[in-house]
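With chain A held as given, fit chain B onto it using these hints.
Chain order of the listed sequences is A and B. Per the working numbering, the very first residue in the first sequence carries number 1; after that it's consecutive. Per the working numbering, the very first residue in the second sequence carries number 1; after that it's consecutive.
Hints listed in this document are in silico derivations from the structure and should not be mistaken for laboratory results. Cβ atoms here follow ideal geometry from the backbone N, Cα and C, with glycine treated the same way. Do not rely on the hints blindly, as some may be mistaken.
[Stated by the list, open to error] Calculated pairs, DSSO-like style, for lysine-lysine (alpha carbon to alpha carbon, straight line, at most 27 Å):
{"#": "1", "chain 1": "A", "residue 1": "Lys300", "chain 2": "A", "residue 2": "Lys331"}
{"#": "2", "chain 1": "B", "residue 1": "Lys15", "chain 2": "B", "residue 2": "Lys234"}
{"#": "3", "chain 1": "A", "residue 1": "Lys170", "chain 2": "B", "residue 2": "Lys265"}
{"#": "4", "chain 1": "B", "residue 1": "Lys201", "chain 2": "B", "residue 2": "Lys111"}
{"#": "5", "chain 1": "B", "residue 1": "Lys15", "chain 2": "A", "residue 2": "Lys167"}
{"#": "6", "chain 1": "B", "residue 1": "Lys150", "chain 2": "A", "residue 2": "Lys197"}
[Said to hold, decoys possible] Distance windows between CB atoms, simulated:
{"#": "7", "chain 1": "A", "residue 1": "Ala253", "chain 2": "B", "residue 2": "Lys69", "range": "19 to 27 Å"}
{"#": "8", "chain 1": "A", "residue 1": "Glu52", "chain 2": "B", "residue 2": "Tyr193", "range": "50 to 58 Å"}
{"#": "9", "chain 1": "A", "residue 1": "Thr179", "chain 2": "B", "residue 2": "Glu257", "range": "47 to 55 Å"}
{"#": "10", "chain 1": "B", "residue 1": "Gly159", "chain 2": "A", "residue 2": "Lys300", "range": "41 to 49 Å"}
{"#": "11", "chain 1": "A", "residue 1": "Glu72", "chain 2": "B", "residue 2": "Lys265", "range": "47 to 55 Å"}
{"#": "12", "chain 1": "A", "residue 1": "Lys94", "chain 2": "B", "residue 2": "Tyr193", "range": "18 to 26 Å"}
{"#": "13", "chain 1": "A", "residue 1": "Asn190", "chain 2": "B", "residue 2": "Gly159", "range": "16 to 24 Å"}
{"#": "14", "chain 1": "B", "residue 1": "Lys69", "chain 2": "A", "residue 2": "Pro22", "range": "39 to 47 Å"}
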Amino acid sequence: MNFEEYSGVWVFIEEQGEGIAPVSLELLGAGRRLADKRGVQLGGVIIGNNVEHLPQIAFAYGADVIYLYDQEIFKHYRTESYMKALLHCSEKHKPEIILFGATSTGKDLASAVATDLPTGLTADTTELDVEEDTGLLLASRPAFGGNIMATILCKKYRPQMATVRPKVMKALDPEDGRTGKLVKENIDVNEEDIRTKVLEIVRTTTKKVRIDEADIIVAGGKGLGSAQGFQLIHQLAATIGGAVGASRDVVEAGWIDHHHQVGQTGVTVTPKIYIAVGISGAIQHLVGMKNSGMIIAINKDPDAAIFEACHYGIVGDAFEILPLLIEEFSKALAREEVDHVRKV
Amino acid sequence: MLHIVACIKQVPDTKIIKMNPKTNTMDRASAPAILNPYDAHAVEEAVRIKKRYGGTVSVLTMGPPPAVKAIKKCIEIGADEGYMISDRKFAGADTLATSYALTKAIDKISKIKPVDLVLCGKMTIDGDTGQVGPGIARRLDIPPLTSVKKVEEVNQVGGYVIIHRKIEDGHEVIQSSLPCLMSVEKEINEVPYSPFPNMLKAARYEPTIWSVEDLEDVDVKQLGLKGSPTIVAKVWAPPKPEGGIMLEGNANEQVKELLSIVLEKRELFQSKGGAS
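With the rest of the complex left out, here is chain A (with noise of 0.2 Å):
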């Protein structure tokens, strides 16, 4: 493998409703500091079908060169037509790194492309850098269930891949009018060629928390010590209008649903204010919320791996901190509204 003929950085551009995924628009941030380190151009892959609008928003995000599958064949996100068109893509203008979002599709995708390519594929990564001189894609990440952090490189293959944990790199800010080449790209592939049909997509209507959205979080470990103490996790982030968190363990226990788990193998959140109550602060968990505007934890172990995490923190009891909490924020809170009303 001659790895001169390798260049570039770039990044698999998911679509998202009529726009693009955050978590490509934040790889494009990684991917242009990368880019930028190596002295090489930072490009993109889009493939969907009436997608000739997300170019533009590409480069905006610090995009150079945007590669475009726009075909009926893509509407919707199949491994094996989208897989064809990035071997093609990839095998054409060999780039030495492609990241994806670790996304259900940014997941499916990667792995399947690199069994094929074939190449080296880190998961999960939450820690991106490149070697100057010789391009070597530093990734790294959390491993087995969060205990330690490990550097994944791949010596001997290009590309060098990896999925990247939304929410823990930085978009750029737009930058309007910025632009870039687009290279619009054709695949012969035939519907008869995919063995897989989209029958049916099913969004989400309920008005599920999206934890990911929260400004507010309170979460809860199990320190609460069963499904009723959690509860109480609940009444303050009603109080407080926040959104409810959960370490793995406590989904595990089933106090909780999924959706709710911060972490690793949960989900990655960023909101003003983290409260995290019982929760011991495995670096599983922390990698969850460590980017978190204000992090407050209350925990009666003052050894507790959070309080080296957290901003403010409280050594106590959840079950006397707790109810006392929701007492002062409600009064308080109540106050306030009282003084907004008598202001309007």
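Below, chain B alone, put in the same frame as chain A:
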């Protein structure tokens, strides 16, 4: 009759595993070896499909000899046959080399009885990658169906399956031709306690064990550490973040102080834009 192969792995229970604080390495001996919890759901789903449509469930694992225990656990769940590939040449495999070895074993199993469906868990709790399933599917050249949360229909005569695949904001209903591979989410089913006759069967069960030599057309360069493009260059304890300010006093005082801190930073509640 359907022949379903479930790929499974014995893993250290990562919830219990301890770190050696001096060397920053894992004390693997501290953690009991268990059947990867996600794989238990795959085996359970295979057994449910068998009960609905008839057929045979085989389980396959790659691992050192003690991994036989994980196969026995699958027999308890209701699997019929167990196969293990075990050889030092497999050691150190990453996801690419693992999917290669397992595919070679599935090739051999399908000579005993053609395989219609391959199931695996969404990921393992020690590797956390979820890449082996799709890798096997690509190597077998069958469609990979990941994040499967419901199996609606398996139609062997029609040669298709209909499944629900979890996506970020809902799910997709997908029809795929058979054979195919599914990696399943844990919400797909509940694994019940094993029936007593299964436990008896499991206790006596001896799986078929193959070494590299027992498999056919194997390129040894693609196995184990040698066949793994990814290498772990460094393992490190994440840097300890700076500890925050600990609030002093009794519960009342602590709560009052916290309240004033939070209320003082009211802009956090109200302002739009990214938190720093």
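Structure-based check of each hint:
1. Lys300/A / Lys331/A: holds, 25 Å
2. Lys15/B / Lys234/B: Holds: Lys15/B and Lys234/B sit about 22 Å apart, inside 27 Å.
3. Lys170/A / Lys265/B: Between Lys170/A and Lys265/B the Cα gap is close to 24 Å, so the pair holds against 27 Å.
4. Lys201/B / Lys111/B: holds, 25 Å
5. Lys15/B / Lys167/A: holds, 25 Å
6. Lys150/B / Lys197/A: Roughly 16 Å between the alpha carbons, so the hint for Lys150/B and Lys197/A holds.
7. Ala253/A / Lys69/B: 19 to 27 Å: Holds, at about 25 Å.
8. Glu52/A / Tyr193/B: 50 to 58 Å: The hint (50 to 58 Å, Cβ to Cβ) holds, given that Glu52/A and Tyr193/B are roughly 56 Å apart.
9. Thr179/A / Glu257/B: 47 to 55 Å: For Glu257/B against Thr179/A, whose Cβ atoms are near 52 Å apart, the range 47 to 55 Å holds.
10. Gly159/B / Lys300/A: 41 to 49 Å: Violated, at about 59 Å.
11. Glu72/A / Lys265/B: 47 to 55 Å: Because 51 Å falls inside the window, the suggested range holds.
12. Lys94/A / Tyr193/B: 18 to 26 Å: The hinted range 18 to 26 Å is violated for Lys94/A and Tyr193/B, with Cβ atoms some 54 Å apart.
13. Asn190/A / Gly159/B: 16 to 24 Å: Holds, at about 19 Å.
14. Lys69/B / Pro22/A: 39 to 47 Å: holds, 43 Å
Hint violations for this structure: numbers 10, 12, all remaining hints satisfied.
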